[in-house]
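Chains as they are written, first to last, in our numbering: chain A, 137 to 252; chain B, 75 to 183.
Hints are not guaranteed to be accurate.
35 Å max Cα-Cα, derived DSBU-like pairs, lysine-lysine [said to hold, decoys possible]:
no., chain 1, residue 1, chain 2, residue 2
1, B, Lys170, A, Lys201
2, B, Lys144, B, Lys170
3, A, Lys143, B, Lys170
4, A, Lys201, B, Lys133
Here chain A is said to cover these stretches of chain B; the calculated rule only asks that three of the stretch's residues, wherever they fall, bring their Cβ under 8 Å from a Cβ of chain A [as the list claims (entries may be wrong)]:
no., stretch
5, 113-120
6, 126-134
7, 172-183
Just so you know, the hints here were simulated from the structure itself, not pulled from any lab data. Ideal placement from N, C-alpha and C gives every residue a C-beta, glycine not left out.
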Amino acid sequence: SAVISQKPSRDICQRGTSLTIQCQVDSQVTMMFWYRQQPGQSLTLIATANQGSEATYESGFVIDKFPISRPNLTFSTLTVSNMSPEDSSIYLCSVTSGTGSNQPQHFGDGTRLSIL
Amino acid sequence: TQLLEQSPQFLSIQEGENLTVYCNSSSVFSSLQWYRQEPGEGPVLLVTVVTGGEVKKLKRLTFQFGDARKDSSLHITAAQPGDTGLYLCLGTSYGKLTFGQGTILTVHP
Chain A
137 SAVISQKPSR DICQRGTSLT IQCQVDSQVT MMFWYRQQPG QSLTLIATAN
187 QGSEATYESG FVIDKFPISR PNLTFSTLTV SNMSPEDSSI YLCSVTSGTG
237 SNQPQHFGDG TRLSIL
Chain B
75 TQLLEQSPQF LSIQEGENLT VYCNSSSVFS SLQWYRQEPG EGPVLLVTVV
125 TGGEVKKLKR LTFQFGDARK DSSLHITAAQ PGDTGLYLCL GTSYGKLTFG
175 QGTILTVHP
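Start from the sequences, fold in the hints, and give me the full structure.
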C-alpha cells in the first residue's frame with residue numbers, strides 16, 4: 137500500500153496567519169483527499185485534490201479559506217488561511233489507487249493544528 | 075444526503091469481553107469499509123465488504139454487510155487492550171464517501 141508522509145505533524149499558530157500542510161506519497165495515486173477531524177471524532181471531507189485542476193470542495197468549505205494544490209500524482213498541499221481558533225483540528229491527507237469507488241483509502245498520520 | 079449512523083459512540087469494556095459496533099443507513103452502499111485509528115495516527119483499513127450478506131473474519135474480528143447493503147456490523151470476540159482505538163465505518167456509493175460518527179473503544183486489562 138502507498139506510504140504517505142504528511143508535514144508538519146503538528147503546529148501552533150497565531151490567529152490571522154496561514155499554514156500550508158504537505159502530503160507526499162511514495163507512488164502515483166488516483167485520488168487525493170483532505171479531511172478535518174476533531175480528536176476522537178469522525179472525519180469530515182474538505183475537498184478532493186485534482187491533479188492539474190481546481191480541487192472539488194464539499195459543502196461548507198471554500199477555496200479562499202482552504203486553497204489546495206496538486207501539481208502531480210504524488211504530491212498535494214492544503215493551506216489553512218487566515219486561521220482562527222475554530223480551525224484548531226487534525227488535518228488528514230488520504231489517497232486511493234486504482235479505479236472504482238470501492239478502493240480503500242490510505243491515510244497520512246495527520247497534522248495537529250492549534251490556533252492561539 | 076446520505077447518513078451512516080454508527081453506534082455506540084463510546085464503549086468501555088474489560089479484557090475478554092465481546093462487543094459489536096453497528097453502522098446503519100437508509101441508503102444503499104456499493105461498499106462498506108471499516109477502519110481503526112490510534113491516537114496520533116491516521117485511520118488504517120481493516121476490511122472492505124461489497125456483497126450483501128457478506129461476512130469476513132480477521133482473527134477475532136467479524137464483519138458483516140447487511141443483505142440490503144444498508145448496514146454493517148463489526149464484532150470483536152475476547153477483546154484485548156490492543157483493540158483500543160477509534161473505529162470508523164465508511165460507506166461508498168457512486169463515488170460519494172460517507173463516514174459514520176465513530177466508536178471509541180477502550181479495553182481495560
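Take the C-alpha atoms of Lys143 of chain A and Lys170 of chain B, compute the straight-line distance between them, and say whether it is at most 35 Å. 27 Å, holds
Does Lys133 of chain B lie within 35 Å of Lys201 of chain A when you go C-alpha to C-alpha? Violated, because 44 Å separates the two Cα atoms, which is more than 35 Å.
Quick check: do three or more residues in the stretch 126-134 of chain B have a beta carbon closer than 8 Å to a beta carbon of chain A? With 0 residues close enough to chain A, the hint is violated.
Lys170 of chain B and Lys201 of chain A: Cα distance at most 35 Å? Given pair Lys170 of chain B, Lys201 of chain A holds - Cα atoms ~23 Å apart, limit 35 Å.
Test coverage of the stretch 113-120 of chain B by chain A using CB-CB distances below 8 Å; three residues minimum. holds (count 7)
Is it true that the CA of Lys144 of chain B sits at most 35 Å from the CA of Lys170 of chain B? With Cα atoms ~15 Å apart, Lys144 of chain B and Lys170 of chain B stay inside 35 Å; holds.
Three or more residues of the stretch 172-183 of chain B near chain A by CB distance under 8 Å? This one holds; 5 residues, not fewer than the three required, reach chain A with a Cβ under 8 Å.
Checked against the numbered hints above, the structure breaks hints 4, 6 and satisfies the rest.
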